[in-house]
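Sequence order for the protein chains is A and B. Position one of the first sequence corresponds to residue 246 (the working numbering), numbered consecutively onward. Position one of the second sequence corresponds to residue 394 (the working numbering), numbered consecutively onward.
Careful: at least some of the hints might be erroneous.
[Said to hold, decoys possible] To give an idea of the chain B side of the interface with chain A (calculated C-beta under 10 Å), a few residues:
{"hint": "1", "residue": "395"}
{"hint": "2", "residue": "402"}
{"hint": "3", "residue": "404"}
{"hint": "4", "residue": "407"}
{"hint": "5", "residue": "410"}
{"hint": "6", "residue": "411"}
{"hint": "7", "residue": "414"}
{"hint": "8", "residue": "441"}
Note that these hints are calculated values from the structure, not bench results. All values reported here derive from a predicted model rather than from experimental measurement. Glycine included, each C-beta is placed from N, C-alpha and C at the ideal position.
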Amino acid sequence: MDDLANALATDLDATFPKVVESLGTQLFWGLRRICGDHQEAEDLTQETFIRAFRALDGYEAERIRAMDLRPWLWTIAMNLGRNHLRDRSRRPTYVEMTDSGREDPEPVDDVEWDRRLSVLSDHQRTAVVLRHVVGLGVVEISEITGRPEGTVKADVHRGLTRLRKTIEEET
Amino acid sequence: MNIEDQLQQLSGHLPRGLTEGVALGTGLAQGYDFYESAIGQVIVTFNPDGVSSVDIADGFEDRYQDRFGRPLIRAEAPSAWGRHISEAIERGTPGKLPVDLRSVTDFQKRVLHTTATIPKGEVRPYGWVAREIDNPRAVRAVGTALAHNPVPLIIPCHRVVRSDGQIGNYSLGGPHIKVDLLQHEGAYPQKLL
Numbered sequence: 246m247d248d249l250a251n252a253l254a255t256d257l258d259a260t261f262p263k264v265v266e267s268l269g270t271q272l273f274w275g276l277r278r279i280c281g282d283h284q285e286a287e288d289l290t291q292e293t294f295i296r297a298f299r300a301l302d303g304y305e306a307e308r309i310r311a312m313d314l315r316p317w318l319w320t321i322a323m324n325l326g327r328n329h330l331r332d333r334s335r336r337p338t339y340v341e342m343t344d345s346g347r348e349d350p351e352p353v354d355d356v357e358w359d360r361r362l363s364v365l366s367d368h369q370r371t372a373v374v375l376r377h378v379v380g381l382g383v384v385e386i387s388e389i390t391g392r393p394e395g396t397v398k399a400d401v402h403r404g405l406t407r408l409r410k411t412i413e414e415e416t
Numbered sequence: 394m395n396i397e398d399q400l401q402q403l404s405g406h407l408p409r410g411l412t413e414g415v416a417l418g419t420g421l422a423q424g425y426d427f428y429e430s431a432i433g434q435v436i437v438t439f440n441p442d443g444v445s446s447v448d449i450a451d452g453f454e455d456r457y458q459d460r461f462g463r464p465l466i467r468a469e470a471p472s473a474w475g476r477h478i479s480e481a482i483e484r485g486t487p488g489k490l491p492v493d494l495r496s497v498t499d500f501q502k503r504v505l506h507t508t509a510t511i512p513k514g515e516v517r518p519y520g521w522v523a524r525e526i527d528n529p530r531a532v533r534a535v536g537t538a539l540a541h542n543p544v545p546l547i548i549p550c551h552r553v554v555r556s557d558g559q560i561g562n563y564s565l566g567g568p569h570i571k572v573d574l575l576q577h578e579g580a581y582p583q584k585l586l
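The following block holds chain A by itself, in its conformation from the complex (with noise of 0.2 Å):
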């Protein structure tokens, strides 16, 4: 990680993606189990790159290289909430060029457990996805989403153990 901000820091445009490739799957799976939808998920993980991109264009080069970019995009992607599309229709849209189908089902277990994390409180959800489905710590998820260290860890408590029931109640 410290590498990847040296590297930012040193020269944005080059490392940027990396950053991308780094970072943008666990971004893109936690904001999807966290809305539940696969094409918002998208949208928002492309938005907030695309933001903190910009932000750091303006940023200092010791500022970038003392960043933990990890929890800061989460910050960006969790402040961008659901009025993140009005800059949608500015930005160019990528085009496939291949005629192949979907290569990225989703799996099938997808729609059993949106059902499941659906039944959770949104704080209860996101403080789930983000300690065990990203591997944040609990220090990160209380900066990241401005709630106490001890909220935090009520609402994963809470979160799995409704979790357990749902699926007990499965079966």
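Using the hints, position chain B against chain A.
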């Protein structure tokens, strides 16, 4: 498997096209698409700030890399203004279309903005452009600026001709293309001069 382990496995691959979408949205890559014009098919490149170049297809990628040095991705122009591209090419003026002129100098920008005001069906000499930008002695510099117009057809540098009756050069395929374009627009330079 406990619930924590199951949650850990709820990830997959990065969706196809997301990396390209970020590159286009940040301007790290330029989008391009094909458009019809009076001289045949042309390639238009764009970014979130506007159209950045117009060129003929033959040898386009090499010329683009030499000049702009950014990756290119086939894309649809932003829906907010993409519909104005064909109209701008047909009318030979940007109109509502945003044009990204960051690749040119301030002097070139003044030349190009003045050139964009020449109506379809009319021509002006290089000296007229020089006078309009309050730099009447800069006739050759105007010619050089127009030779490097990144968005020919949209900013109609073909409507600027020599005052000695010659057609002058044209970056988008040579003088004969310039004549074809002016004739297509109903402007016959030999008569007007």
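> What are the numbers of the hints that this structure violates, sorted from low to high?
Replying inline: Per hint list: zero violations.
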